[in-house]
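**Q** Line by line, the protein sequences are chains A and B.
Position 71 of the first sequence, counted from 1, bears residue number 75 in our numbering, the numbering being contiguous throughout.
Position 153 of the second sequence, counted from 1, bears residue number 181 in our numbering, the numbering being contiguous throughout.
If you're looking for bench data, these hints aren't it; they were derived computationally from the structure.
A quick note: this is a predicted structure, and the numbers were derived from the prediction, not measured.
Note that beta-carbon positions come from the ideal geometry of N, C-alpha and C, so glycine has one too.
If a hint is listed, it holds; no wrong ones were tucked in.
Computed spacing ranges between beta-carbons, pair by pair:
{"id": "1", "chain 1": "B", "residue 1": "S204", "chain 2": "A", "residue 2": "G93", "range": "28 to 38 Å"}
{"id": "2", "chain 1": "A", "residue 1": "L28", "chain 2": "B", "residue 2": "S330", "range": "49 to 59 Å"}
{"id": "3", "chain 1": "A", "residue 1": "M49", "chain 2": "B", "residue 2": "G280", "range": "45 to 55 Å"}
{"id": "4", "chain 1": "A", "residue 1": "L28", "chain 2": "B", "residue 2": "G244", "range": "52 to 62 Å"}
{"id": "5", "chain 1": "B", "residue 1": "V218", "chain 2": "A", "residue 2": "E13", "range": "33 to 43 Å"}
Keeping only pairs whose Cα atoms sit at most 20 Å apart, straight-line, the calculated EDC-like set for lysine to aspartate or glutamate is:
{"id": "6", "chain 1": "B", "residue 1": "K327", "chain 2": "B", "residue 2": "D191"}
{"id": "7", "chain 1": "B", "residue 1": "K30", "chain 2": "A", "residue 2": "E178"}
{"id": "8", "chain 1": "B", "residue 1": "K57", "chain 2": "B", "residue 2": "D67"}
{"id": "9", "chain 1": "B", "residue 1": "K30", "chain 2": "A", "residue 2": "E184"}
{"id": "10", "chain 1": "B", "residue 1": "K30", "chain 2": "A", "residue 2": "D177"}
Far from chain A, by Cβ distances over 10 Å, these chain B residues were calculated:
{"id": "11", "residue": "G242"}
{"id": "12", "residue": "L277"}
{"id": "13", "residue": "L322"}
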Amino acid sequence: MLDTVREIETPEGISLHLRAAGALPRAQAWMVDLLLRMGMFMVAMIPLSLLGVGGNGLAMLLMFALMWAYWVVCEVWLGGQTLGKRALGLRVVNADGTPVTWLPSVVRNLLRAVDALPGVYGVGLASTLIDPYGRRLGDIVAGTMVIHASELPTGQQVPAAAAVPLPLVLAADEQAALVEFAERSGQLTLQRQEELANLLTPLTARSDTAAVRQLIAHANWLLGRP
Amino acid sequence: MKQQRFVKLHEREWDSLQSWLSALDRQAKRTLRQEQALDFPSSYRRVCHHLALARGRGYSHEITDRLQRLVQQGHRVLYRAPAPRWHRVAGFLVAGFPRLVRAQWRCMAAAAVLFYVPALVTLVLMQLRPELAHAVFSSAQLADFEKMYDPANAHIGRSSGTDMQMFGFYVMNNVSIAFRTFASGLFFGVGAIYVLGANGVLIGGVAGHLTAIGCGGPFWRFVVGHSPFELTALVIAGGAGLQLGLTLLAPGRQRRGPALVAAGWVGAQLALGAFAMLLVAAFIEAYWSSIAALPDALKFGSGALLWLLVLGWLWRGGRAGTHGA
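Work out the full structure: start from the sequences and follow the hints.
**A** Structure (structure tokens):
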């Protein structure tokens, strides 16, 4: 429930990180889709109403398409995103992390009828809360999941400073911790930076702002900057 | 190798791959025709290698995050499914669908029993005890049926509306019922059993009641044309639902998850086939069945022919030898 990141190993031996989307953004995307479809239907009704009774038949065909086909067509053609999902930055993917294909999309959207059952998406809500990856029943049977498509902002860069070699050899994880501190220093308040840097006074032989500067200089050296 | 040097060595490749992938998002067709598209798979795999190296050597997040993003974007492009091919639709309808129905013949037979037995029992009961009609339908419904199948009506099977309107209505109504029948099978098959049985009683009830009161002629003339497609599609959708529920109950020698995914694929194909059949049924029902002024021989003859056609299609379609499949 808490960790919604799913790792999928690719044939290259790299793991992909997919962030499962929970019930709330999906409900919002569904709402956007609902409004859009209602809007499309109303706009189409204007010319159809001029056709008289036969127009009713066309209107019902359109309603059928908006009820059942809209999801599949959008998901397959727009790379796993209906218009609502695109607005909310969500994407439907197959189990291997690729955009959803025909049959899985048909399965998950036919079984929408089950997920939507008691009232508004009661079964689907229960299922997304229970499943570790927030899948509704249709997703489980189709082998798909809904993920956040937008990329997280990448980490900040280590501030540039003249490199100073470390006075002693540090283990790999200690080096990584030092570089991470330098990378994140921009996001920390000055006081917190100093508090953390003061823990390493035995290494830097300095305190407060000078210690922070020294650690950033060491990090620059570890990265191989001049 | 220090991180800075590693970045210097490979940064140009990452940048060019990144710009190619971004261009692909904007103008897919043109970008795929570029020379660089040929180089993409090997370039992508090199970047995967760089990411593994960067993780192994403990480089900072600045590099690993950037490469991770690039790899995820590339993965989406390299492993995406090929575009759907439309000629396979015809192949599926002619051969693949009947084969699939035959492969699931146990569920289909069960669905047929669940539908036709209540229908026939109701039909026979209505002949013996006509007052039973009031137990199944309200008097307003009965009056509506009697009006729809009144022998004096020029358009049988409907109380008002044009062909086009009824076509839209039949598609919307029947296909939605078929899709829901399939989906509700996920509740251990209970939903599909209920829908099949209830529809059996309803259809048998209408037929029985109209036959009992002497409006049977127009009714049978109306339904004989589209029933082969409509009833068979309903049974197939129900069978697909049963198959899904049965997999949930008894997945066999597989874990439930993978077994359900496989059953879902089969079920979706069956539902799509049923959808195609219901489109045909709605077309016949709206444009052919409703014509009252045709001789009985033509109506019943064409109906019998269509029944033979549908059953023959499901029985022989896609067999080796007939289609070389």
